[in-house]
Amino acid sequence: MGRTFGTQEFLYLLKAIPWTLLLSLGALAGGAFVGLFIAILRTAPSRLLRGLATGYIEIFQGTPVLMQLFVTYYGLAVLFNIRVDAWPAVLLAFTLYSGAFLGEIWRGSIQAIPRPQWEAAACLSLSFPKQLWYVILPQAARISIPPTVGFAVQLIKSTSIAAIIGFVELTRAGQLMTNTTFKPMIVYPIVAALYFILCWPLSLLARTLERRIDATLGIKKHF
Amino acid sequence: MPLLALRSISKRFSSHQALEDVSLEVDAGEVVAIIGRSGSGKSTLLRCINGLEKVDGGTIEFDGKPCDPRRLRELRREIGIVFQSYNLFPHLSVERNITLGLTAAKGMPIAEAQRLARKVLRMVDLEDKIAAYPLRLSGGQQQRVAIARALAMEPRLVLFDEITAALDAELIGEVIQVLDKLARDGMTMVLVTHEMGFARRSADTIVFMHQGRIWEKGAPASLFGAPATAELASFIDAILAVDPARRRRIG
Chain H
1 MGRTFGTQEF LYLLKAIPWT LLLSLGALAG GAFVGLFIAI LRTAPSRLLR
51 GLATGYIEIF QGTPVLMQLF VTYYGLAVLF NIRVDAWPAV LLAFTLYSGA
101 FLGEIWRGSI QAIPRPQWEA AACLSLSFPK QLWYVILPQA ARISIPPTVG
151 FAVQLIKSTS IAAIIGFVEL TRAGQLMTNT TFKPMIVYPI VAALYFILCW
201 PLSLLARTLE RRIDATLGIK KHF
Chain D
1 MPLLALRSIS KRFSSHQALE DVSLEVDAGE VVAIIGRSGS GKSTLLRCIN
51 GLEKVDGGTI EFDGKPCDPR RLRELRREIG IVFQSYNLFP HLSVERNITL
101 GLTAAKGMPI AEAQRLARKV LRMVDLEDKI AAYPLRLSGG QQQRVAIARA
151 LAMEPRLVLF DEITAALDAE LIGEVIQVLD KLARDGMTMV LVTHEMGFAR
201 RSADTIVFMH QGRIWEKGAP ASLFGAPATA ELASFIDAIL AVDPARRRRI
251 G
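Which chain is which? The protein sequence lines are H and D, in order.
Using this note's numbering, read the first sequence as starting at 1 and increasing by one per residue.
Using this note's numbering, read the second sequence as starting at 1 and increasing by one per residue.
Please note: incorrect hints may appear among the correct ones.
[What the hints assert, rightly or not] The calculated BS3-like cross-link candidates involving lysine-lysine, where the alpha carbons are at most 30 Å apart (straight line), are:
1. H:157 - D:106
2. H:130 - D:217
3. H:220 - D:54
4. D:106 - D:119
5. D:106 - D:129
6. D:106 - H:220
7. H:183 - H:15
8. D:129 - H:221
Keep in mind that the hints were calculated from the coordinates and are not lab data.
In this text the structure is predicted, and so the values were computed from the model without any measurement.
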């Protein structure tokens with residue numbers, strides 16, 4: 001007979017939340033950096049650069065994140081002949097994974113801005129980087145809010161995969177508590193609820209933000 | 001010396017010859033109205049002038065110097081353009097729409113740019129909308145802001161590409177009024193327009209384009225009074241037939 005699931009056990013789960021958040025935030029920040037780079041390469045005039053960026057996206061969107069995690073975890077160890085901690089390995093894996101998705105989301109957002117907006121900016125004698133900075137990116141940012149937040153929510157949930165290589169975040173903490181209490185039907189619903197509490201406000205925030213921006217700018221949606 | 005000189009320019013879009021051997025001179029202070037059926041090359045001609053389209057042949061000279069595609073940004077400080085669909089920046093206030101080019105392209109201090117914005121908005125009678133966002137304005141108001149934005153750059157030539165074509169009939173008048181005023185003030189303008197009344201009243205020269213060529217050119221009275229070609233005559237008839245309101249405005 002295992003331990004009962006009490007306050008101690010619940011607190012243990014709560015204490016794992018910061019790791020889930022830290023991993024998600026770290027991957028998002030790193031992914032944003034990689035993603036912006038990829039988005040710009042994807043719209044570059046050079047065919048080679050576009051091809052490289054497309055290849056990157058295809059690989060990371062076309063393979064399971066679990067495999068990417070294994071490859072970085074074991075790959076780093078093999079390549080550098082060192083034992084790699086779980087933390088840098090999962091952070092790297094999720095950063096590369098996020099970079100591919102964010103890059104593609106943002107490329108779409110940039111390309112969704114109508115050509116006349118570029119032309120109007122160019123006709124005001126703005127240089128290409130200034131057209132991008134003052135006119136295109138702010139508008140692209142607005143339309144990328146829903147898919148970006150949608151991806152962030154996906155990412156928070158996907159970080160549960162890091163449990164497999166022993167990184168103790170929320171899901172791994174749940175596994176450990178199940179092992180000691182033998183009460184999966186209490187532990188896992190609680191873990192699921194905790195994920196929901198992390199993700200739901202994000203979706204709400206995105207919706208509010210979108211509504212507020214649209215109201216300020218006078219943008220009308222048709223449905 | 002003309003301010004703008006097009007010498008035998010041509011432009012091709014894959015199999016479609018949009019412009020063929022077009023030559024045109026525009027003097028400082030002159031108002032040139034380009035008319036013609038859709039697809040006759042009017043807008044393409046305008047877009048070639050400020051480098052939005054590259055010409056395939058011929059040369060364009062501004063102020064006696066050939067336009068160098070590598071120095072488009074300098075050219076665009078001198079040549080403004082107003083589009084049919086306004087193309088205001090929806091995420092920026094009316095004021096910022098106007099000051100952006102001044103601060104970011106011309107390096108003007110923001111306070112000075114804001115003073116200038118107020119001044120040009122007064123010219124188009126929209127000073128009270130300075131803080132509004134473009135999508136909150138009517139089409140006519142948006143187009144007047146777009147005119148103000150072009151004027152704020154203090155260009156020596158302004159191009160107008162069918163700027164009333166997207167507007168409801170009752171909003172056209174307020175935009176035309178602004179154009180009339182600019183013409184009186186001596187602004188050099190090249191306009192693609194279907195507003196025959198405006199063209200007759202305010203243009204110095206009418207250019208009739210047909211199939212990518214300049215078919216007829218001359219003073220409004222002679223061109224409208226006695227079209228030399230059957231194409232122009234039938235074009236004028238067609239314009240007046242579809243829109244009786246224009247017949248009234250043509251006067």
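Residue 183 (chain H) and residue 15 (chain H) were given as a pair; does the straight-line alpha-carbon distance stay at or below 30 Å?
19 Å, holds
Are the Cα atoms of residue 157 (chain H) and residue 106 (chain D) separated by 30 Å or less?
With Cα atoms ~48 Å apart, residue 157 (chain H) and residue 106 (chain D) exceed 30 Å; violated.
Under the criterion that the straight-line Cα-Cα distance not exceed 30 Å, is the pair residue 129 (chain D), residue 221 (chain H) satisfied?
Between residue 129 (chain D) and residue 221 (chain H) the Cα gap is close to 23 Å, so the pair holds against 30 Å.
Verify the proposed pairing of residue 220 (chain H) with residue 54 (chain D), using a straight-line Cα cut of 30 Å.
Distance ~36 Å between residue 220 (chain H) and residue 54 (chain D) Cα, so the pair is violated.
Given the proposed pairing of residue 130 (chain H) with residue 217 (chain D), does the C-alpha separation stay at or below 30 Å?
Between residue 130 (chain H) and residue 217 (chain D) the Cα gap is close to 40 Å, so the pair fails against 30 Å, i.e. violated.
Agreement of residue 106 (chain D) and residue 220 (chain H) with the hint, judged by alpha carbon distance not exceeding 30 Å:
34 Å, violated
Does residue 119 (chain D) lie within 30 Å of residue 106 (chain D) when you go C-alpha to C-alpha?
With a Cα-Cα distance of about 17 Å, the restraint between residue 106 (chain D) and residue 119 (chain D) holds, given a limit of 30 Å.
Proposed proximity, residue 129 (chain D) with residue 106 (chain D) (alpha carbon, max 30 Å):
It holds: about 24 Å lies between the C-alpha atoms, which stays within 30 Å.
Against the hints set out earlier in the document, violations occur for numbers 1, 2, 3, 6.
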